[in-house]
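As you go down the protein sequences, you meet chains F and R in turn. Under this note's numbering, the first sequence has 108 at position 98, and the numbering climbs by one with no breaks. Under this note's numbering, the second sequence has 168 at position 13, and the numbering climbs by one with no breaks.
Wrong hints could be hidden among the right ones.
[Stated by the list, open to error] Each pair of labels, with its calculated beta carbon distance range: (1) R/Val241 with F/Lys147: 26 to 32 Å; (2) R/His203 with F/Gly284: 35 to 41 Å; (3) F/Thr258 with R/Ala181: 49 to 55 Å; (4) F/Gly122 with R/Trp242: 56 to 62 Å; (5) R/Glu243 with F/Ser22: 28 to 34 Å; (6) R/Ile235 with F/Ser270: 46 to 52 Å; (7) F/Leu374 with R/Lys200: 30 to 36 Å; (8) R/Trp242 with F/His364: 21 to 27 Å; (9) F/Thr258 with R/Thr252: 31 to 37 Å; (10) R/Phe169 with F/Ala150: 38 to 44 Å.
Hints listed in this document are in silico derivations from the structure and should not be mistaken for laboratory results. Note that this is a predicted model, so its numbers are computed, not measured. Built from N, CA and C at the ideal position, the CB exists for glycine as well.
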Amino acid sequence: MQAGLSTKNAPSAAVVLPHFAFGAVAFLAASVILFFVAPDLVGHYLSPHLLSLTHLLVLGWISMVIFGSLYQLIPVVMEVKLYSEKLAIATFILFGSGLVILSVSFWSFNFGHNMGIDIGGTLVLLAVILFAWNAIKSAAKTERKTIENTFIITAVIWLVITVILAIVIVLNFSMHFISTSHLQLLKTHAHMGLAGWFLLLVIGVASKLMPMFLIVHKLPKRLLTYAYYLINGGLVLLSVAYTFYPQTWFLTFSGLLIVSGIVLFLRFNQLAFGKRLRKKLDVGMKMSAMGFILLALTLLLGLTSLLKPEFFQAVQLRIDMLYGVLIIFGFLSSLVLGQTYKTLPFIIWLKKYHSKVGKQKVPLPQELYSDKVANRHFYTYLAGIIFLVAGMLMASVLVIRIAAALIFVTGLLYNYNVFKILFHKEKVQ
Amino acid sequence: MNIHNLTPEEQKIFELLKNVMDPEVAVNIVDLGLIYEVHLNEEEKLIHVVMTLSTRGCPLGDTILQNVEVVIQGSYPDYIVKVELVWEPEWTPDLITEAGREAIG
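Isolated chain F, as found in the complex:
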């Protein structure tokens, strides 16, 4: 095999594809739940229903698709074969069953002992450890020591720490062995998951894929190196601050480090989009661009959560909640929706047509889904997010339910395309 190629390193499609199917259905289910939990979204964020919805989204939708994509992307970014496909399948089963049990159990959680949460949480922890083992063992084989690889592996380590802390918090509800308030511990858990796992992973993957998709070269990678140290340093300090010393100045300082890192990453993306040769954005890149714009908006909300300006005090709780909702439903979901179209069709296309290319006329990967349907759900999703933000700011259950309906339509259209790609029948002439 010639060096620098990844096709022969790619895992079998059976390892990757179930993650996309599961993720798409979880996203649709989450939009239905959003409709019913709308009243909770105008209250406090520490509600059992919201914990249920959040975990379905972050584990069942976003992390599930990321797991599947990473099995495909590790060979691209690291130029190695995945360490173990069997481990990946075991991870999928443990993770899928664990997260469903966990989300269902959170629905009726009374912040005491709950057997369902113990079982679901343990399964998720096992899955995450197996996933980390697979990713780290794969990375150990690579000869390419790049900043992208460092981001991905650090993100995986943060994921394990996030889930371990979650188990500690759950145990602490019934055993009370840590005196720190649960709210502070939950904030640490949430930020580890959002900034440590998701954000670092997105930066690692995007810094490889964005230049590839947009056709742009020689981007200043030093921005990413600075971002790496700022985000990780800030996150360690923020975790210490929330858990042991929740003073405003300390929290603000730590938060600002993370924000500075994100600003550098956004600058990297701005340069990539600005210098791109491929001016016309396809639907996948449009949704990804929307994700980055939503990340920038989220930063502003995060800053107000940290600085707590007096004129915002009356609506501070709503702003805090909106901050979390915009990261998960906005930035991350938008990116996953968009990047599905940049990965899934290619996986199926390679599986079906790799041996036929050049010998017969084969369709392009972009022809495996309906571009029209994808463009429609770009707009229903954008409208859904606008209604969601408006509904939460106005504390209007009705407006949030309109948002849920729009996101449900998005989910239906997205599922149509995902399953159209998954069940694509070969077309050769």
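Based on these hints, arrange chain R on the given structure of chain F.
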């Protein structure tokens, strides 16, 4: 790079490679500037193509290389086709032809 000193037969092979598309950008690999050298050795019955890809680890790389081989072999069945992938000199967008730029949009 040798791409400007082609014999008429090598030029034919070069033109033939315009049938090979990069499936991601839907532009042919000649206009993307991925072909560095084309050599045809009549005595040894050997065709040697030196090419690159726009990015290391490209998931579609193998497919593109295979496509190059198949397309040439189809027109030159009596020849041995050797496709060599190189990363030096590194590909840059400056290598894209005017037609390629228009096709990328």
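Verification of the supplied hints:
Hint check: R/Val241 to F/Lys147, Cβ distance near 30 Å, so the stated range 26 to 32 Å holds. Evaluation of the 35 to 41 Å hint for R/His203 and F/Gly284 yields a pass: the beta carbon distance comes to about 39 Å. The hinted window of 49 to 55 Å between F/Thr258 and R/Ala181 holds, with their beta carbons roughly 53 Å apart. Separated by about 59 Å at the C-beta atoms, F/Gly122 and R/Trp242 satisfy the suggested range of 56 to 62 Å.
Look at R/Glu243 against F/Ser22: about 33 Å separates their beta carbons, and that is inside 28 to 34 Å. Separation of R/Ile235 from F/Ser270 is about 57 Å and departs from the stated range, judged on CB atoms against 46 to 52 Å. At about 34 Å, the CB distance of F/Leu374 to R/Lys200 agrees with the hint of 30 to 36 Å. Roughly 22 Å separates the CB atoms of R/Trp242 and F/His364, a value that falls within the hinted 21 to 27 Å.
Take F/Thr258 and R/Thr252: their Cβ atoms lie about 58 Å apart, and the range 31 to 37 Å is violated. At about 42 Å, the CB distance of R/Phe169 to F/Ala150 agrees with the hint of 38 to 44 Å.
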